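Please build the complex by placing chain E on the supplied structure of chain V, with the hints as guidance.
Number of protein chains: 2
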Amino acid sequence: MKAIGTTGKSIHDFIEFELKKPELKAHDILVKVDGVSVNPVDTKIRNGLKNDLVEPKVLGWDGIGTVVEIGEAVTLFQVGDYVFWAGDVTRSGSNSEFQAVDERIVALAPKNLTAAEAVAMPLTSLTAYELLFEKLEITDNMNGKSILIINGAGGVGSVATQMAKNAGLTVIATASNQRAIDWVTHFGADFTVNHHQDLVEQVRGLGFEFVDYILILNAVLQHIAASCELIAPQGRIANIVEPGEAINLDKLAHKSASFSFEWMFTKSAFMTTDLQSQHEILTKISQWLDCGALKTTLTENLGAVSTDNIRKAHEMIEQGRTIGKIVLCQ
Amino acid sequence: MKAIGTTGKSIHDFIEFELKKPELKAHDILVKVDGVSVNPVDTKIRNGLKNDLVEPKVLGWDGIGTVVEIGEAVTLFQVGDYVFWAGDVTRSGSNSEFQAVDERIVALAPKNLTAAEAVAMPLTSLTAYELLFEKLEITDNMNGKSILIINGAGGVGSVATQMAKNAGLTVIATASNQRAIDWVTHFGADFTVNHHQDLVEQVRGLGFEFVDYILILNAVLQHIAASCELIAPQGRIANIVEPGEAINLDKLAHKSASFSFEWMFTKSAFMTTDLQSQHEILTKISQWLDCGALKTTLTENLGAVSTDNIRKAHEMIEQGRTIGKIVLCQ
Numbered sequence: 001m002k003a004i005g006t007t008g009k010s011i012h013d014f015i016e017f018e019l020k021k022p023e024l025k026a027h028d029i030l031v032k033v034d035g036v037s038v039n040p041v042d043t044k045i046r047n048g049l050k051n052d053l054v055e056p057k058v059l060g061w062d063g064i065g066t067v068v069e070i071g072e073a074v075t076l077f078q079v080g081d082y083v084f085w086a087g088d089v090t091r092s093g094s095n096s097e098f099q100a101v102d103e104r105i106v107a108l109a110p111k112n113l114t115a116a117e118a119v120a121m122p123l124t125s126l127t128a129y130e131l132l133f134e135k136l137e138i139t140d141n142m143n144g145k146s147i148l149i150i151n152g153a154g155g156v157g158s159v160a161t162q163m164a165k166n167a168g169l170t171v172i173a174t175a176s177n178q179r180a181i182d183w184v185t186h187f188g189a190d191f192t193v194n195h196h197q198d199l200v201e202q203v204r205g206l207g208f209e210f211v212d213y214i215l216i217l218n219a220v221l222q223h224i225a226a227s228c229e230l231i232a233p234q235g236r237i238a239n240i241v242e243p244g245e246a247i248n249l250d251k252l253a254h255k256s257a258s259f260s261f262e263w264m265f266t267k268s269a270f271m272t273t274d275l276q277s278q279h280e281i282l283t284k285i286s287q288w289l290d291c292g293a294l295k296t297t298l299t300e301n302l303g304a305v306s307t308d309n310i311r312k313a314h315e316m317i318e319q320g321r322t323i324g325k326i327v328l329c330q
Numbered sequence: 001m002k003a004i005g006t007t008g009k010s011i012h013d014f015i016e017f018e019l020k021k022p023e024l025k026a027h028d029i030l031v032k033v034d035g036v037s038v039n040p041v042d043t044k045i046r047n048g049l050k051n052d053l054v055e056p057k058v059l060g061w062d063g064i065g066t067v068v069e070i071g072e073a074v075t076l077f078q079v080g081d082y083v084f085w086a087g088d089v090t091r092s093g094s095n096s097e098f099q100a101v102d103e104r105i106v107a108l109a110p111k112n113l114t115a116a117e118a119v120a121m122p123l124t125s126l127t128a129y130e131l132l133f134e135k136l137e138i139t140d141n142m143n144g145k146s147i148l149i150i151n152g153a154g155g156v157g158s159v160a161t162q163m164a165k166n167a168g169l170t171v172i173a174t175a176s177n178q179r180a181i182d183w184v185t186h187f188g189a190d191f192t193v194n195h196h197q198d199l200v201e202q203v204r205g206l207g208f209e210f211v212d213y214i215l216i217l218n219a220v221l222q223h224i225a226a227s228c229e230l231i232a233p234q235g236r237i238a239n240i241v242e243p244g245e246a247i248n249l250d251k252l253a254h255k256s257a258s259f260s261f262e263w264m265f266t267k268s269a270f271m272t273t274d275l276q277s278q279h280e281i282l283t284k285i286s287q288w289l290d291c292g293a294l295k296t297t298l299t300e301n302l303g304a305v306s307t308d309n310i311r312k313a314h315e316m317i318e319q320g321r322t323i324g325k326i327v328l329c330q
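Chains as they are written, first to last, in my numbering: chain V, 1 to 330; chain E, 1 to 330.
Looking at chain V on its own, in the form it has when it is part of the complex (with noise of 0.2 angstroms):
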């Protein structure tokens, strides 16, 4: 089959190449790739890879497609079904015509998007409800409560703004540009804050003493002072990124408040006894997008899946500017 690799870390070591279709074990299915998104993990583990490799590493964890066949236990999905999955980052990625996906992480599409649309949505939807719920533990209800979404128009932000929204939070999201401003308002947001400038300053000007949650999206290191000023007591921190160096939680201690990180791909990684949980939540975001409770995220399609349009959303991912999501899909 056909896929598209990275022989290095540079972006112009992307290779269309022959590769052997995939051999599925028990649990996978093996789909035919219509379309994908770039996300940061894409240039991130780009950057990480070694140099001249002899078999070029396949990215890509977002993917939409048709199932062409099952493995001996799948029991959740048939031949022929529309499927959608974030996949495994310790596995090939969706860059390639067919892939081998655990059923457990993957879920029928929804019926009312165009395959562009929905294909921007798993990895950020999953990773957003994965904050929200399971680590923030925010339930149906929460009218009364606020949350501060630090870097609200990127792709997770989008999609938990309006997830929390949604739920009944109060949300302030940070934006720095008006286009940012416009993207996170239009998605549910009550108010925006800009990440540039004092945060504790600004959401206190609105009249918050504290917000009950906190969701770190980037640059955690420039945002941890902040976020353990603002968090209330017994409040709750989440965080996408890892911080690469130490860093001071002491005013959370007399807040008995809590930081938590959340990676998507930690139940995949460690085969850990909930992983079928990716399947139900990309379920109910299939749903939630069909029903109109979801909106897509998706800016920017360009289209097939080759070469130079992976060269390209690699180099929109790194200039840091992007909002919302960007998919190739033809």
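Hints are computed from structural coordinates only; laboratory data are not their basis.
As the structure is a computational prediction, the values presented were derived from the model and not from experiment.
It cannot be assumed that every hint is accurate.
Stated by the list, open to error - In silico DSSO-like cross-links for lysine-lysine, where the CA-CA straight-line distance does not exceed 30 angstroms:
{"#": "1", "chain 1": "V", "residue 1": "K9", "chain 2": "E", "residue 2": "K284"}
{"#": "2", "chain 1": "V", "residue 1": "K9", "chain 2": "E", "residue 2": "K251"}
{"#": "3", "chain 1": "E", "residue 1": "K145", "chain 2": "V", "residue 2": "K25"}
{"#": "4", "chain 1": "E", "residue 1": "K20", "chain 2": "E", "residue 2": "K2"}
{"#": "5", "chain 1": "V", "residue 1": "K145", "chain 2": "V", "residue 2": "K284"}
{"#": "6", "chain 1": "E", "residue 1": "K2", "chain 2": "V", "residue 2": "K251"}
{"#": "7", "chain 1": "V", "residue 1": "K251", "chain 2": "V", "residue 2": "K25"}
{"#": "8", "chain 1": "V", "residue 1": "K284", "chain 2": "E", "residue 2": "K57"}
{"#": "9", "chain 1": "V", "residue 1": "K251", "chain 2": "E", "residue 2": "K20"}
{"#": "10", "chain 1": "V", "residue 1": "K145", "chain 2": "E", "residue 2": "K312"}
Below, chain E without anything else, positioned relative to chain V:
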């Protein structure tokens, strides 16, 4: 009324003095104090005082005694009830003839224990309960899950070990000498390891690649690296020590693990909406003590609440080798 306070941070600054009987707020009860216990919070607060205080500071954050008067909004207690409590660190402590305490953080004392056995328990039990059930969110049926309790023989550790065992957890408690090993084993620890030696190596040597939960009850800077290494994917660490400097939590990132602080005075200091949960928790603890599900951790009753005995208890705690609890109860 008579009270014992300290005019400064020296262990020689305790004096007995005449203090105005407190006026009751709407939710306060006035209790005639029969006994108190001494906790590390007493020495910590004493060491943070200015010297030559005009109004001596009354310490003591565990008390037991009889309700002699109730505030106008009180519904949980009546005059004559025999109660125990840990109290509120923002108010005057229990080292006095009478103490005003908010009814919402008080419970009926256990009936089957002596006052000395009972007064050893409120602060450490509330801390252990909130750590396990509110921060780690364990349930009543944790069979197959494991917890590492760092400083298992201390006041909080001795209670947490019992509660964790009752919930079905496999308990690995740290203890650094034979007396401490015997003590934690008596309270149900399945395994002991020595916190002065390599914790990762010892826990792995017992056959645990990871543990599901970790309590850090002292020396967080010394134990944080091992804790981040040993915690399971999606595991939870809870800690009662303010680190005082930045800590490196990077190893939690790919495991989607969490780090929570617990301070049992948060609810009363911030008057949180769930303040009354401490009445409910302490009531449950009282019942557990009465039915034997929880054993007192009392090790030493120094007798009357006197300046000499309080000084002696502070000295013992500052030597840092106490096991279980010291009380003053005639």
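Structure-based check of each hint:
Among the hinted pairs, K9(V) with K284(E) is inconsistent with the structure: their alpha-carbon atoms are about 59 angstroms apart, more than 30 angstroms. As the CA atoms of K9(V) and K251(E) are separated by approximately 24 angstroms, the hinted pair is consistent with the 30 angstroms bound. A C-alpha spacing of about 29 angstroms is found between K145(E) and K25(V), which places the hinted pair at or below 30 angstroms, so the restraint holds. With a C-alpha separation of about 9 angstroms, the suggested pair K20(E) and K2(E) falls inside the 30 angstroms cut-off, and the hint holds.
Between K145(V) and K284(V), the direct Cα distance comes to roughly 23 angstroms. Compliance with the 30 angstroms bound is thereby established for this hinted pair. A C-alpha spacing of about 37 angstroms is found between K2(E) and K251(V), which places the hinted pair above 30 angstroms, so the restraint is violated. For the hint linking K251(V) to K25(V), the alpha-carbon distance of about 48 angstroms lies beyond 30 angstroms, and the restraint is violated. Between the alpha carbons of K284(V) and K57(E) the distance comes to roughly 57 angstroms, so the proposed pair goes past 30 angstroms and is violated.
Proposed proximity of K251(V) and K20(E) is contradicted: the alpha carbons are some 35 angstroms apart, above 30 angstroms. At roughly 47 angstroms between alpha-carbon atoms, K145(V) and K312(E) are farther apart than 30 angstroms, so this suggested pair is violated.
Violated hints, in rising order: 1, 6, 7, 8, 9 and 10; the structure is consistent with all others.
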